[in-house]
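**Q** One letter stands for each residue in the lines below.
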Amino acid sequence: MEDPTVDSILCSHCGTACSSTVISEHPHVFCCHGCQSVHHLLHENGLSNYYHIDEKAQIPIPKRDQHRSFEYLDKLEIRSRLIDFSDGHIARIRLHIPSIHCAACVWLLEHLYQLNPNIGESQVNLITKELSLSFDERTLKLSALIEQLHTIGYPPDLQLNQLSNPSKPAASLSRLTLQIGVAGFCFGNIMLLSFPHYLGLTESSGQEIDTLASYLPPLLTLPILLFSALDYWTAALRNIKQRHISIDVPIVMGIIALFLESSYLTFGSGNPGYWDSLAGLIFFLLCGKAFKQRTLDHLSFDRDFRAFFPLSVLRHHENGFASVAISEIKQGDQLQIRNQELIPADAILKSKSAAIDYSFVTGEADPVQLSADETVYAGGKNLGPTIELETSKPVSESYLTSLWNHHVFHENPTFEFRNLTDRFSQYFTLSILGIALVSACYWGLSDPSQSLRVFASVLIVACPCALALAAPFASGTALRFLGNASIHLKNTRVVEQLARISTIVFDKTGTLTHAQARSTEFSGAPLSRTERHAITSIARHSAHPLSITLHEFLGNDQEAEEPTAYQELEGKGVSGEIDSTTVIYGSQDWLRERGIPGMENASSQGIHLAINGLYRGCFRIRPRYRRGIRELMTQLKDNFELRLASGDTNRDQNTIRAFFGKKAELSFNQNPYSKLQLIEELQRNRAHVMFVGDGLNDAGALKQANVGIAVTENTSHFSPASDVIVSAPSLARLPQLLQYSKATVAIIKISFVLSLAYNLIGVTLAATGKLTPLLAAILMPLSSITIIAFSTSATAWMAGRLNLTRNQAFESEEQ
Amino acid sequence: MSVLNLLISLGLLVALGFLGAFLWAVRSGQYDDTYTPSLRMLHDEDRVLTKEHQKTR
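If you read the sequences in order, they're chains A and B. Note that the working numbering has the first sequence beginning at 1, numbered continuously upward. Note that the working numbering has the second sequence beginning at 1, numbered continuously upward.
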């Protein structure tokens, strides 16, 4: 539809094609005034380098919003929640800015002081998309600072849940780093001190090498036991209290046995002991833990409805409307909601009519038409002209948010699933204890002095270091590869859950279909250029969402003209005249009322069009299905039970039936609760359910399902709480994801067998009383390293076989 | 063997110094962001050039 010559002119600031308006300013061209003013601003302040640092530095400038003010941010209670530190003079603030994406962004945001002298030092973290800056709060208001960031195209993401619950930097990872550092230090030094023993120097020279060299290792082990291994102690204690055996129990058993045996050897007979093995064990275990705990800082898996709402809303007071924070809204407040804005609380409509899009809350694809005094629900998006509302409930008690009072949101999910390692280690621990006891008894008959030492030796050598490392390294690698393929798993536990899935339930709107894009098709004789022009000129005047869609569909390559005899009837249609061409479009009834012949046979759906009194055809607007859905379903159909739970009506039933096959059960008109109940029912029938959804209406089902997958167009945007976040183009890789998880679990099981083989060798040596510190020092790291190497490389190899290594972006280019 | 004792304690002291440096680095947040600084170091020079460029104009 667009003219190719216009298409090739790219805006000098944001790099998008200038379609409608072109502001020329030699040698630069801008697509809008926003881009132009930012370009000027940067140029005047010596920041033109922004354009040279990175080709990708192309951020569209959002349309300037005259009415939106950030004054509410200057209120003390909101301010104090946003600002990290303030001494009345200098304030520090951390902001999450989703549009940060390249080196140029970093450069510009770290040179903000050149734009505004009141801004001090600013620092960007590109990975977490965070900007932390200090500013002089006596001369620069917080609202003005946020406004400034908005102007240059970096609007910060200020969210309600952030306000009610000030975020703290995650300390767990840096704690783990410290623990590894300490363990590594002690391990290295103990190894160094034990080195003469490895070479047999002590025996050959006939004298003990040194008192310091033999008493330092136990001393160096103390920080490891007390600081680095702290989490294992607490975890094992908790497990014993709860009477279930996880991998931590045999590990702690091994640690205790190693410590006692080594103390006895070192302090009793001056022997070197197993200090190096003990330190190495904990060091390796911590490394495995770090590998597993990959940070996904830029993704948020636990967001609830509050993250979805805007921070402020326009509220009526004595002289007009002013923006206030959502938390301040009370029952009976008069609110103003503009086009594309969200309704924050259940309310009564005060304007004459409104079109509300509930797709995110209910899954209904079509906007709902409402008239005055009807109830609008929180979470709906206003389409069309500005409306006024009177709130009937506070934000926290609305229909939508009450879903979060359901018990699934309050359960502690930690213990509902026991991972593979834990289930395995249960039998492992018991059999090791059995072997240790039997061999101790056997030795007790022949040589009682040895029996206690053999008991300890078995526990030492059977300490499941390699076993504990297999799963973290295999699933950690899997997470990494999946992350590259735009499939982000919450943690390694999800991999094992995925491998057990038997039933997959899909949501429709926003999951199988595009969230925004819709396909419009016109059935009837093709329209001429002048006719198209006439229709768009008239549609431009209507704020109704269907008119807007029509306007976008037909394009606007000519200057729009003013229609004469323009008429719009709410819920019916529009008519008008351009250059003596009369255009009428709207519902079937509307055209019949206007006396268009041949309307009796037309369908009741779609937008009908008549030009100069003659019926021309019908526009149908349909949600567009994502690419690859058919292939996806064909691949899944044979191995899994497929179901659909949609909040929409069953009008697309035939299309969906074709995708899902004959067997699949399709449920329509589902509300958030019934989706959740559907999952519960499936789970009662012993199915392992995966739910694939996108909206707030899926939040309950995503939480209840064994694996909840949230589909999102942009991973930095909102997605409800889930186990997996998939970017929309990667949805077609679902079969690979499931296959890959199964393969990963198989690899973990093979690793278990391998580590058991090592243990068998070790236990045989220990039970026959042949284990020496040197043998232990070789066997332990050797088994750990082989397991790590095997599980990592096998998982990586599987990723290559399943084509997960290739980036989706390249793949779509090839197609 | 007292020389060995001395060497071991000296070696441990040096190592402890490095451990201290590591602890300090972690606590002061140097490991929080391991990517952005690599971009930042390329920028500084450009900025100076731009400023001078502005002055001459």
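Possibly wrong hints are sitting among the right ones.
[What the hints assert, rightly or not] Facing chain B, according to a computed beta carbon distance under 7 Å, are these residues of chain A, among others: (1) V106; (2) S122; (3) L176; (4) L212.
[What the hints assert, rightly or not] Sample of chain A residues with no beta-carbon within 10 Å of chain B, all distances over it, derived: (5) N125; (6) I256; (7) P367.
Just so you know, the hints here were simulated from the structure itself, not pulled from any lab data. For every residue, glycine included, the Cβ atom is placed at its ideal position computed from N, Cα and C.
**Q** Evaluate each hint against the coordinates.
**A** Now for the hints, and whether the structure bears them out:
no.	hint	verdict
1	V106	holds, 5 Å
2	S122	violated, 12 Å
3	L176	violated, 10 Å
4	L212	holds, 5 Å
5	N125	violated, 4 Å
6	I256	holds, 26 Å
7	P367	holds, 42 Å
In this structure, the hints that do not hold are numbers 2, 3, 5, in rising order.
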